[in-house]
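Using the hints provided, position chain H relative to the given structure of chain A.
Protein chains in written order, with the working numbering: chain A, 219 to 546; chain H, 219 to 546.
None of these hints come from the bench; they were simulated from the model.
Mixed in with the good hints, there may be bad ones.
Note: identical chains are not told apart, hence a pair may lie in one copy or across any two.
[Said to hold, decoys possible] Once the Cα atoms are required to be at most 35 Å apart in a straight line, the calculated DSBU-like pairs of lysine-lysine come out as: (1) K358 with K479; (2) K479 with K348; (3) K479 with K292; (4) K364 with K310; (5) K262 with K358; (6) K522 with K348.
There are 2 protein chains.
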Amino acid sequence: MSNNNLISASEACELLSISPDTLRRLVRTNSITTIPDPTDARVKLYDRDLIISLKRPAMTISTRHKVITLSNNKGGVSKTTSAISLAAEAAKEGLQVLLIDAAPQASATISLYESEKEIKENELLLGWLKGNVSFEELIKPIVFEKFKIDFIASGSKNDQIDRSNPLEVVPALREFFDSWEDSPYDYIFIDTDPSFGTLVSMAQVGSHFVLCPVQADVLSVDGTAQLSRQLQRARILTRSPFPALLGFFLSRFDSRRRVCKEALETLKAAYPDYVLQTVIPDNVRVMESPAQKAPINLTAPDSKGALAYQSLWQEVRERVERSITTNS
Amino acid sequence: MSNNNLISASEACELLSISPDTLRRLVRTNSITTIPDPTDARVKLYDRDLIISLKRPAMTISTRHKVITLSNNKGGVSKTTSAISLAAEAAKEGLQVLLIDAAPQASATISLYESEKEIKENELLLGWLKGNVSFEELIKPIVFEKFKIDFIASGSKNDQIDRSNPLEVVPALREFFDSWEDSPYDYIFIDTDPSFGTLVSMAQVGSHFVLCPVQADVLSVDGTAQLSRQLQRARILTRSPFPALLGFFLSRFDSRRRVCKEALETLKAAYPDYVLQTVIPDNVRVMESPAQKAPINLTAPDSKGALAYQSLWQEVRERVERSITTNS
Chain A
219 MSNNNLISAS EACELLSISP DTLRRLVRTN SITTIPDPTD ARVKLYDRDL IISLKRPAMT
279 ISTRHKVITL SNNKGGVSKT TSAISLAAEA AKEGLQVLLI DAAPQASATI SLYESEKEIK
339 ENELLLGWLK GNVSFEELIK PIVFEKFKID FIASGSKNDQ IDRSNPLEVV PALREFFDSW
399 EDSPYDYIFI DTDPSFGTLV SMAQVGSHFV LCPVQADVLS VDGTAQLSRQ LQRARILTRS
459 PFPALLGFFL SRFDSRRRVC KEALETLKAA YPDYVLQTVI PDNVRVMESP AQKAPINLTA
519 PDSKGALAYQ SLWQEVRERV ERSITTNS
Chain H
219 MSNNNLISAS EACELLSISP DTLRRLVRTN SITTIPDPTD ARVKLYDRDL IISLKRPAMT
279 ISTRHKVITL SNNKGGVSKT TSAISLAAEA AKEGLQVLLI DAAPQASATI SLYESEKEIK
339 ENELLLGWLK GNVSFEELIK PIVFEKFKID FIASGSKNDQ IDRSNPLEVV PALREFFDSW
399 EDSPYDYIFI DTDPSFGTLV SMAQVGSHFV LCPVQADVLS VDGTAQLSRQ LQRARILTRS
459 PFPALLGFFL SRFDSRRRVC KEALETLKAA YPDYVLQTVI PDNVRVMESP AQKAPINLTA
519 PDSKGALAYQ SLWQEVRERV ERSITTNS
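Next comes chain A alone, as it looks inside the complex (with noise of 0.2 Å):
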C-alpha cells in the first residue's frame, strides 16, 4: 500500500459524512483500522480504499442468489450446525437454497450426506478449482420430505487448496458468483474452518455477508476483532462493499451462567449495531440432529433449537434485506 493512499482523520470523516465523534466510535469498536503516521505516532492515518469501502449508501447485489458464509477462526463455535439450521429454515420457506461444505473437516458433509466415503476429488471444490468439472456438477440435491437442500460436499483432499496458489483461489468464487446469471438460488450458505487460511479467504471473499457464531463461554472480542479486519482486508482486495460483516450471534448460550450473560454484554458494547438478537441454547437436541442425518428443524421441531435457528433466519433475512438493494 502505497503511502499516497493514507488519509487523515478530517478527510476520512468528509469521505463519510460523518462527524469525527462518529469516527472515533467507528475506531472504538473496530470498524475501522487506524494506521500511525510514520512521521508522529500520534497522529492516527486511515487507508483510503478501506474508508472508500465502507462508504455505502446501499450495497447493491446483481445477482439473485445472496451469499452468506459462516466463520470464525475458533473452532466449536457450532458453525457447522448454524449452517445447516440456516439452509434449512430458508429451504421450508420455499426458498431455493445451496449449502457449500468448504471445510476440510467436512462436518457438515457427514452431518448430512456421507459419512463413510472418501468423496472423489472431481465431488469437491478442489476437482472445480483444478477446472475438472463444472461448479454445477459439484452440486447434489439432498431430498428432505418438506424441502430439498442443494449441497456440495467437502472432504479431505480440500485441504490441498489451502496449499495452492492464492492469487488463483482467492478470487474464484466470487468470479464465478458473479457471473453466474442462470444461478437458480435464493440464498447460498459456505460452512467453514475455522481458520483464515486460503480456503476459508476464498469463501468471505466470495460472498456478500459473512455471519460469525460466537460460544458464550469462551469469548475473545481479540477474535471478533480478528474477523472484522479480515473482512476489512477482502473488501479492500474486492474493490466493494462486500464481504460485509452481516453480525454476531452466541450459540451454546446457558442463561443461567453468568459467563454467558457477561459475553453478550461485553460483544453488545464493542458491536453495537452487529450482535443479533437471537441466541442459540445449549441445547441437546440441537447435538443429537447430525446423528439423524437431517436438519433441527425436521428432527426436533419444537426443540428450544428448532425455534432459536428459525428466529436467528427471520433476523438474518431481514438484516440481509434491510442491507442490499437488488440490481434487476
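Okay, now just chain H, sitting in the frame of chain A:
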C-alpha cells in the same frame, strides 16, 4: 469480478492507445488474457482492470530499492544460483544489496550461510510475519573479500507461511517495501520455491520485477504462460504496473544440443520482448560454487559461468533502468 468490468476489444485498444493488430499480438504472446463473452463464446472480452494495469507510459518506483524476484514454478532451473550470482555482481559494483531467501527449501541459505543448524523462527520471514521481530532484525551481513551481501535466511519453518492467511501474507512485503523510507538498498533480490503458493505470491506481489530462469531442455511454453498470468493477477491485485515481468533467460544451456537452440527460438517467438540475450551455460564451476560458500564471481571469476552472470546482470540492470522513472 463483476461483468461491468468486462470491455470489448475496441475499448481495450482505446484504453491502451494501440491498434487491433497490436492487441491481437499481445493476446497471442500471452501478455493479455481474454474472456469469452457469456452470450457468444466467439466474442472475446477483456478485463478492464487488467488492461488499465498494462497502461504504463513509465513505471514509477517511489523507493530507492528495486525489488527483483527470481521465480519459476518448475524446479531445477537455477533460481538459487541466479539469485546469488546476480546479487554478487550487483554488490561487486558497489551497490547496496539485500538477498532474501524466501524458499522453505533454503538452498540459498545452505549455499551461502548455514547448512547445519536449523534457523530459528525469529530469524525468518515467518517470525516477521508473526510480528515477533522487525524486518531489519532479520538481516545478517555476509562479508566476502571484496564486497558484502546483506542476507535474510530461510528454513523449513517458513513452510508454515504457505498455510497462513493469504489476505494478510500476500500484501505484506509490498506494504513494507513501499513504506520503507530509510531502506539502505539499491537492489533487493528474492529467491523463491518452485510453486505459486502464498509465500511465492507474497514475494511476487512485493516485487517491482520478476525474472524467470527457464531450463532449455525442459522448456514448456505452458509453464512460462502460467507465470505471465500469475503476474497479471498480481497487478490486478496491486492496482499497479508491478510486479512486471522483467524477462526470461535460459539456464543450463548446452549450445551443442539442438533441443537447447530450439527452446531458445520457441521462447523468443512467444515473448519477442521478454527473452534476455544472455544464456547461462551448463557449467561445472557454477555447480561447485555452493560448496565453497561463496558466489561464482569469487570462486571461479574467469569461468564461463561467472562471465555469463556478469553479462546477465548488465542486461538486468539496463532493463530495470530503462523500465522505470524514479519518483524522488
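Is the C-alpha distance from K358 to K479 at most 35 Å within one copy, between copies, in both cases, or in neither? neither (41 Å within a copy, 52 Å between copies)
Intra- versus inter-subunit Cα pairing at 35 Å for K522 with K348: Answer is neither; intra-copy 43 Å and inter-copy 42 Å both fail.
With identical chains, the pair K479 and K348 could be close in the same copy or across copies; at 35 Å between alpha carbons, which is it: within, between, both, or neither? Close across copies (33 Å), not inside one copy (46 Å); limit 35 Å.
Regarding K262 and K358, is the shortest C-alpha distance of 35 Å or less found within a copy, between copies, in both, or in neither? The answer is between: 32 Å across copies meets 35 Å, while 51 Å in one copy does not.
Intra- versus inter-subunit Cα pairing at 35 Å for K479 with K292: So K479 and K292 pass the 35 Å test inside one copy only (20 Å; across, 56 Å).
I want to check one pair: K364 and K310. Are their C-alpha atoms no more than 35 Å apart within a copy, between two copies, both, or neither? within (7 Å within a copy, 76 Å between copies)
The structure does not agree with the numbered hints 1, 6 stated previously, though it agrees with the rest.
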